[in-house]
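We have chain A already, so just place chain B on it with the hints.
Protein sequence lines correspond, in order, to chains A and B. Following this note's numbering, the numbering of the first sequence begins with 1 at its first residue and continues without gaps. Following this note's numbering, the numbering of the second sequence begins with 1 at its first residue and continues without gaps.
Errors might be hidden in some of the hints.
Unchecked claim - With beta-carbon atoms standing in for the labels, derived distance ranges:
no.: 1; chain 1: A; residue 1: R202; chain 2: B; residue 2: G164; range: 53 to 63 Å
no.: 2; chain 1: B; residue 1: S216; chain 2: A; residue 2: L121; range: 36 to 46 Å
no.: 3; chain 1: A; residue 1: R205; chain 2: B; residue 2: A211; range: 25 to 35 Å
no.: 4; chain 1: B; residue 1: A208; chain 2: A; residue 2: N200; range: 13 to 23 Å
no.: 5; chain 1: B; residue 1: N249; chain 2: A; residue 2: T45; range: 20 to 30 Å
As the list claims (entries may be wrong) - Rough simulated footprint, nothing fancy, chain B against chain A, three-plus residues with beta-carbon under 8 Å:
no.: 6; stretch: 126-132
no.: 7; stretch: 246-254
In case anyone wonders, no lab produced these hints; they're calculated from the structure. Source: prediction; values computed, not measured. Positions of the beta carbon are idealized from the N, C-alpha and C atoms, including for glycine.
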Amino acid sequence: MSGQLAALSRLRTRPWIWSFLGAALVWALAVILAGGHGAWSVITTAIAFSAFTVLVGLGQMFVITLGPGNIDLSLPANIGLASAVAMKVMDGSDGRIALGLLAAVAAGLVIGIVNYLLIRLLRIPPLIATLSSSFVIRSVGISYGRGLQIKPPLAFADLVVARLGGISVLAVLVLLLSILAGVVLARTVYGRSVLAVGQNIRAARLAGLSVRRVRFLTYALCGALGGLCGALLAGFTGGSSLDVGAEYLLTSIAVVVIGGTSVAGGMANVPGLWGAALMLFMIATLLNSSGLGIGVRDLMTGLIIIAVITLAGGRRSLR
Amino acid sequence: MSGPAALAAEVRSPRPPRQFNARRLFRTALPALSLIIVLLAIRDFNPRAISYFGFNLMLNLAVPVALATVAQLCIITVSDLDLSIGNYVGFIACVTTTWLPTRPWLGAAVILGSIVVYGALGALVQLRQLPSIVVTLGMSFVWLGLALLIRPQPGGTAPSWLAGFMGVHVPFVPFPIVAAVVLAIVMHIVLMKTAFGAVLRGAGGNPAAVARSGWSLLRVKTTAYAMAGVLGSLSGLALVGVSSSAEANMADGYTLLSIAGAILGGAEFVGGRISPVGAVIGALTLQLAAVALNFFQLPELLPGFRIPPEWQVGAQGLILILILAVRALINRGEA
Chain A
1 MSGQLAALSR LRTRPWIWSF LGAALVWALA VILAGGHGAW SVITTAIAFS
51 AFTVLVGLGQ MFVITLGPGN IDLSLPANIG LASAVAMKVM DGSDGRIALG
101 LLAAVAAGLV IGIVNYLLIR LLRIPPLIAT LSSSFVIRSV GISYGRGLQI
151 KPPLAFADLV VARLGGISVL AVLVLLLSIL AGVVLARTVY GRSVLAVGQN
201 IRAARLAGLS VRRVRFLTYA LCGALGGLCG ALLAGFTGGS SLDVGAEYLL
251 TSIAVVVIGG TSVAGGMANV PGLWGAALML FMIATLLNSS GLGIGVRDLM
301 TGLIIIAVIT LAGGRRSLR
Chain B
1 MSGPAALAAE VRSPRPPRQF NARRLFRTAL PALSLIIVLL AIRDFNPRAI
51 SYFGFNLMLN LAVPVALATV AQLCIITVSD LDLSIGNYVG FIACVTTTWL
101 PTRPWLGAAV ILGSIVVYGA LGALVQLRQL PSIVVTLGMS FVWLGLALLI
151 RPQPGGTAPS WLAGFMGVHV PFVPFPIVAA VVLAIVMHIV LMKTAFGAVL
201 RGAGGNPAAV ARSGWSLLRV KTTAYAMAGV LGSLSGLALV GVSSSAEANM
251 ADGYTLLSIA GAILGGAEFV GGRISPVGAV IGALTLQLAA VALNFFQLPE
301 LLPGFRIPPE WQVGAQGLIL ILILAVRALI NRGEA
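The following block holds chain A by itself, in its conformation from the complex (with noise of 0.2 Å):
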């Protein structure tokens, strides 16, 4: 009986549990409509797919954490930027890979900087700043990216699909990452700053934190994470396109959300991101499979999001 409710209070401070909940329930329901066929499949193609989901939405949750108001709609740019970087640098050449990679998350900690620059300086709301900039962003892409068809380099292509013993290597990467990521926050000053300012920014200043570091550190880093995205994004689907970025506009929010992370800020949840990016590629396949189309999808997703942040409820935040 104790054993239970020490279950139960677990469930309650650990919110990411549903995620995976959810995305094993769905993912068995997919399994039997599809008679029992490619459940193992299945699951390392959202292994695989869920790697770029987590890479941006890493960036996003540190940026929501840092409390209310604090969101970048920056990021769909950026990705479609940096996906152009990469490959013009990169130009096909298996020498220039890391070159280009590195080039991409310049790109994407240059757009992160502005950011920032815009909400200290013109004193606006980050979502105002990264709006604006992003329309800014995307021009600069499509003048850039203009009549781009560069293939990426064969080494770079493998490299991003490449798969041991059925695991994507990039998932296993973005994994460290994310790792890395909750080490951050729970055991640098950097990530407990970030906590901190997200509960209580005054209490934070008062409690002598540089408010505007920590604010521009995570502006940087969300920058610099989507510009990775961007980079790998191209070599996953085999060129550069300016659109390969829209669906993480509201893709990394929705999964910062579904994963556990506090809106209100002060909380994050690295391994919600997980979880919800691989249930809502569950879903997508769920639904695929079906043969219900992507109308019923995008319903679906909606719902589950509403669902979701009804449920958790909390306090006021964001807006």
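Then chain B, alone, in the frame of chain A:
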């Protein structure tokens, strides 16, 4: 002046004589000034654009954009934000082209039902104290999904009365300008001059104070969201009237554009400080800035440097940043 203070100032009567304040005047005139500057730039590029026909052409899409912007403004008034308005407009457009011409009652019922859903969202946000961003984010998926179910392929037809209404020829003044002026005046009266408008803005500024003076916040939020639903529906109808066919994601860009327009027009993000007239002007400015780059061959700014047409979104972003920078300067001097 913050929301509750504004409320108090309006309730008090007679009004205290307002001191002349150059900064405030400049800040209020900023949206109009930016519109004038964009117009002057267009005249510089192509004088023939400043004509009856030119405006009809350039501001064709401004009516649905302006309607979406004031819809967003209703939500911003109560210090929330709507990330679903673009998809909602697309959904209404799909409903309009699919059902209104052949089964008008069904189409009208669906649109009315959607407005009720919008109001219910406001109630949900208030009752459960949810972040509006996340709820409307979810709704954006819902509207898009429904739109795709109704209309998987682009197409459909506009009801003839709708196309006729949007294409109406008003003598001397182009129809989009008439529509924008009417919209601005109506919204100004509703939000700035009526008692309930003051309550709405008060709820954005200091909800606790409004609740304590006996107003139901639930009713306030529901009304604000339902108003956004009505205006969003009108935006969808206007969009169909202009483009005469529909596609599920035809108005995706409206979400960000409507926020940008409202902010450009002088709305503060929280605190119920808004400007309906400014929002309409903001929407027109953004629309003209985009169109100017699209329609006209621009001269070389520097030798060998032309603004390419793909910069239309970028121009909107730059204008937004520029206006916000000027406003930050004004506010800094004031503080």
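For the range 25 to 35 Å, tell me whether the beta carbons of R205/A and A211/B fit it or not. 30 Å, holds
Should the hint that N249/B and T45/A are 20 to 30 Å apart at their CB atoms be regarded as holding? 26 Å, holds
Count the residues of the stretch 246-254 of chain A with a beta-carbon closer than 8 Å to any beta-carbon of chain B: does the count reach three? n = 3 at 8 Å, threshold three: holds.
Does the beta carbon distance between R202/A and G164/B stay inside 53 to 63 Å, or does it fall outside? 58 Å, holds
Quick check: does the Cβ-Cβ distance between A208/B and N200/A fall within 13 to 23 Å? 19 Å, holds
Determine whether the Cβ-Cβ distance between S216/B and L121/A falls within the hinted range of 36 to 46 Å. This hint holds: roughly 41 Å between Cβ atoms.
Three-residue Cβ test at 8 Å for the coverage of the stretch 126-132 of chain A by chain B: holds (count 4)
Every hint from the earlier list agrees with this structure, and none is contradicted.
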